[in-house]
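Novice: Position chains B, C and D relative to chain A; hints supplied.
Protein chains: 4
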Amino acid sequence: MKMNTWLKIKCRVFEIVEIAKPGDVVSKIFDIIIIALILISVVVVIESTVKVDIKTERFFQALNTFTVIVFTLEYAARIWTADLLHPDCTPGKARLKYIFSGMAIIDLLAILPFYFPYFIPMNLIVLRTLRVLRLLRVFKFNRYTDSLSTIGTVLKERGYQLISSIFVVMVLMVIASVLIYTFENPQQPEVFQNAFSGMWWAVATLTTVGYGDIYPITIAGKIFSAIIALLGIGLVAIPTGIISAGFIEQIETKHAQNEEHGEKCYCPYCGKKIK
Amino acid sequence: MKMNTWLKIKCRVFEIVEIAKPGDVVSKIFDIIIIALILISVVVVIESTVKVDIKTERFFQALNTFTVIVFTLEYAARIWTADLLHPDCTPGKARLKYIFSGMAIIDLLAILPFYFPYFIPMNLIVLRTLRVLRLLRVFKFNRYTDSLSTIGTVLKERGYQLISSIFVVMVLMVIASVLIYTFENPQQPEVFQNAFSGMWWAVATLTTVGYGDIYPITIAGKIFSAIIALLGIGLVAIPTGIISAGFIEQIETKHAQNEEHGEKCYCPYCGKKIK
Amino acid sequence: MKMNTWLKIKCRVFEIVEIAKPGDVVSKIFDIIIIALILISVVVVIESTVKVDIKTERFFQALNTFTVIVFTLEYAARIWTADLLHPDCTPGKARLKYIFSGMAIIDLLAILPFYFPYFIPMNLIVLRTLRVLRLLRVFKFNRYTDSLSTIGTVLKERGYQLISSIFVVMVLMVIASVLIYTFENPQQPEVFQNAFSGMWWAVATLTTVGYGDIYPITIAGKIFSAIIALLGIGLVAIPTGIISAGFIEQIETKHAQNEEHGEKCYCPYCGKKIK
Amino acid sequence: MKMNTWLKIKCRVFEIVEIAKPGDVVSKIFDIIIIALILISVVVVIESTVKVDIKTERFFQALNTFTVIVFTLEYAARIWTADLLHPDCTPGKARLKYIFSGMAIIDLLAILPFYFPYFIPMNLIVLRTLRVLRLLRVFKFNRYTDSLSTIGTVLKERGYQLISSIFVVMVLMVIASVLIYTFENPQQPEVFQNAFSGMWWAVATLTTVGYGDIYPITIAGKIFSAIIALLGIGLVAIPTGIISAGFIEQIETKHAQNEEHGEKCYCPYCGKKIK
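Residue numbers (the working numbering), protein chains in the order written: chain A, 35 to 309; chain B, 35 to 309; chain C, 35 to 309; chain D, 35 to 309.
Excised from the complex, chain A in its bound form:
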């Protein structure tokens, strides 16, 4: 039946664009091509900021057009097969659901800047900034790599603690910025112009980046700076501790689940395995 063939093609396309069964060579090749094109498009964005001769420019523009066309086709294929992704919805609802999912919005934003300029005239700098969105294509890797979700889960579970520690850092930064301003402004009014300069210094010191464009020269400022730099160590240590604990908890949860499911079960008396 013709109808059946059509459905078969659709299923095949769905298998190719979404994660397929293991051993599906065509789907794997498709994934590799998409990843390669994403990397190329990233190079094209970066290249667009470099001044090159007209020939190279044209080559990169052609490359850009090519990647956008492939991504557009991919986007269309994903929308077309969205009803297979959400089989419990009606086809229309499934597609809408897909279009407004995070990944699909990123996909759309990745191709839109290419079609946009033909409708609305915009100045070049804004356009260039819009092009950055293309880089979001790279997040498509998210679909392919599995471990990212583990990291994501840990960060989510520990979210409140991480945000709390970031909040403490923010408070510390504000206090530090006003204090360093008070210490340093009379001595170097050009460098520490206001508390915003102090904040820029606080960021560079607490994160231990230390560009060297702004630093205290008074004794009080240096002592205060030493305290802030040492507290900056805590800024690394506390989130690291939180995240470490999160990863370890997850491993233990997995072990507990395994034990519950009877996969690994040792007698506490003699250490032998029990069926």
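One should not assume that every hint holds.
Where chains are identical, the list cannot tell them apart; a pair therefore holds if satisfied intra-copy or between any two copies.
[To be verified] 35 Å max Cα-Cα, derived DSBU-like pairs, lysine-lysine:
1. K89 x K256
2. K190 x K256
3. K131 x K256
4. K89 x K44
5. K85 x K256
6. K131 x K62
7. K190 x K42
8. K127 x K42
9. K190 x K288
10. K288 x K131
11. K190 x K62
12. K42 x K89
13. K44 x K62
Source of the hints: derived by calculation from the structure; they are not laboratory data.
Specialist: Just chains B, C and D now, with coordinates in the frame of chain A:
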């Protein structure tokens, strides 16, 4: 009864200013307004260090006056309802107990600098420094965020170990400062003037900030600097390890408590759940 | 029998060049000499970049020749005794297997640059770069130190998670480089020439190195830089958390194995040891 | 009896200079005085590098003399009571054993530089360097603080793994220094003079200090620098992971010991406590 109505209002105010039952919309709105005002007052403090025209200045002064009035009213409400916070004390004792609690002192210090200048004339720079205390208002968030207490508990439990490791760093810093002074002073007497310069270098190197305003140029100084910089890695690694262990211990304590309370209990023989 | 004596010598050589029984003094001395020669050859490579007078030059050339000769003899001895390393293969196969093992290739690359120039004329700079391969000799320590393999196992087990986190950093870096270019290029076109300059800045900021050769001066650029620097903390925290969890998991696996083998077995009722 | 009184005094002195019973007020005051004097003597060492007027100089010299006298008396008291520390040895043996213990050597080195100049004339710079040894007095705190030993135990237990990771870093540093020299020397021969300059750069980059006195300017050098800076993250992450695991293992060992000693023992069936 009139007396009863008065008590009801007091209870309501208490519910609003302190953490209320879940689902209390008015209390939630109050919290959000207070947080917003704290953030605004932080901006006002930072802005006070920037030179602006007279109109903007006046706008920020008005903003300042407004936030201080709200915080004063809040402070008064908290003192008024303090007897509900400590129901086992007499009203007078409860209020005194509240006034001398850490949070209330911060609240008072946050509003005092505004009223202070009308009584005692002080020079502007000292005043500006006193304004920094306003930022302490931000610690009120402590009341609202829960995870901070977990972090606090871990830091407290591991306190002795953290202080010990900080002490070792201090000793290292003193030794490093004298040694680098000995190496570098003959070559760059202007940069490494004395052991205090050496200490400033030691802080920048051990915390890996590295502003670049002071660094060794002799071979001995560079070799010594390399050793100190590598030890600086340990300066991060040891407290991080301590804090990580603290967080993990806390998670395990919670698990143990859950098991003790019979919430999760698995047979060690077969992994099945036991009532 | 002569044949037997020959085999005995071969066995002895094998014991000496490979890890021997504990208490074998000759083998231990051999190991120490080899480690010393590797360190000397590293010094020779570094020295080759320093301009010295002709006498010192000749001394180092002699030293170089000596170490290469010893390493060549060692390499020959290892190939000769390779059939004892793989007793299940034929002698020829065993030797081929050894020659194409990772360690043997490093050994060969360590001595080849010395013999190479006599066959093919090459320019001096390339030769100097080839000499770097000599440093790979140092990896021979790998054979002697045991703990390295534990670290290796942890990094391998956690490989996917580490690569995922590195990938996220790469994406972040590309986005950051284009955005900072957009912010800073109009203000400092000489410093932020193109997105590649932005990427160099992103590396220095995210890794908290902060050389200070490139940093934002606009307000938007500084705010963005602060966000990136704070995310740089995460860049340290996430892999550290992953690696910590890996080491802890390994310790627990060992404990579990010990319990399984009945080495340590406590009654869960009373805490007493059970045979 | 007179003999007995003498022994009593000795015992009392021993209790005071060594760690005494809890509640011993005199011993506690002695400890605090010694700690204060150590801190003062550290200030004196640092001050000796600052140029001050003759009066201040004399004040600090007097302070120095005073602390050295107290430390000498303390050292004498410790040697005198050493036979009570090692009651199983003869008095002479006990004293020799004490004199050659690590702590006693540090104590001696802390006071020797004061008496030294009266016997052998030495130039001032060497003397100044010898004074640094005085700082070793601070390690006496080791006797008083307890948590340091926990940190020490963890570092010792994990010693092999930490040394292995440091070794890998050393190898990486040597390779990096030669490669960056090869990349950068042709472009900036003044900055990257030889592989030693490269090594100085490698230290600053791998430890993320980044003074900014030396950094690559070529494209190849920058790409290589980015890789090294990212590997520098691992330089922090691996030892941190090792140390974290060490602290967690220690906590678990303690828990296991507690369970073994029957302090905390819960039924695995119902979570109730068992006597």
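Novice: Decide, hint by hint, whether the structure agrees.
Specialist: Taking the hints in turn, this is what the structure says about them:
1. K89 x K256: between (54 Å within a copy, 27 Å between copies)
2. K190 x K256: Intra 38 Å, inter 28 Å, cutoff 35 Å: inter-copy only.
3. K131 x K256: neither (56 Å within a copy, 38 Å between copies)
4. K89 x K44: neither (41 Å within a copy, 66 Å between copies)
5. K85 x K256: between (43 Å within a copy, 20 Å between copies)
6. K131 x K62: both (26 Å within a copy, 33 Å between copies)
7. K190 x K42: neither (39 Å within a copy, 41 Å between copies)
8. K127 x K42: within (22 Å within a copy, 51 Å between copies)
9. K190 x K288: Answer is both; intra-copy 17 Å and inter-copy 19 Å each pass.
10. K288 x K131: within (32 Å within a copy, 40 Å between copies)
11. K190 x K62: Result: close both inside a copy and across copies, 30 Å intra and 24 Å inter.
12. K42 x K89: Result: close neither inside a copy nor across copies, 44 Å intra and 71 Å inter.
13. K44 x K62: within (17 Å within a copy, 51 Å between copies)
Hint check: violations occur at hints 3, 4, 7, 12; the rest are consistent with the structure.
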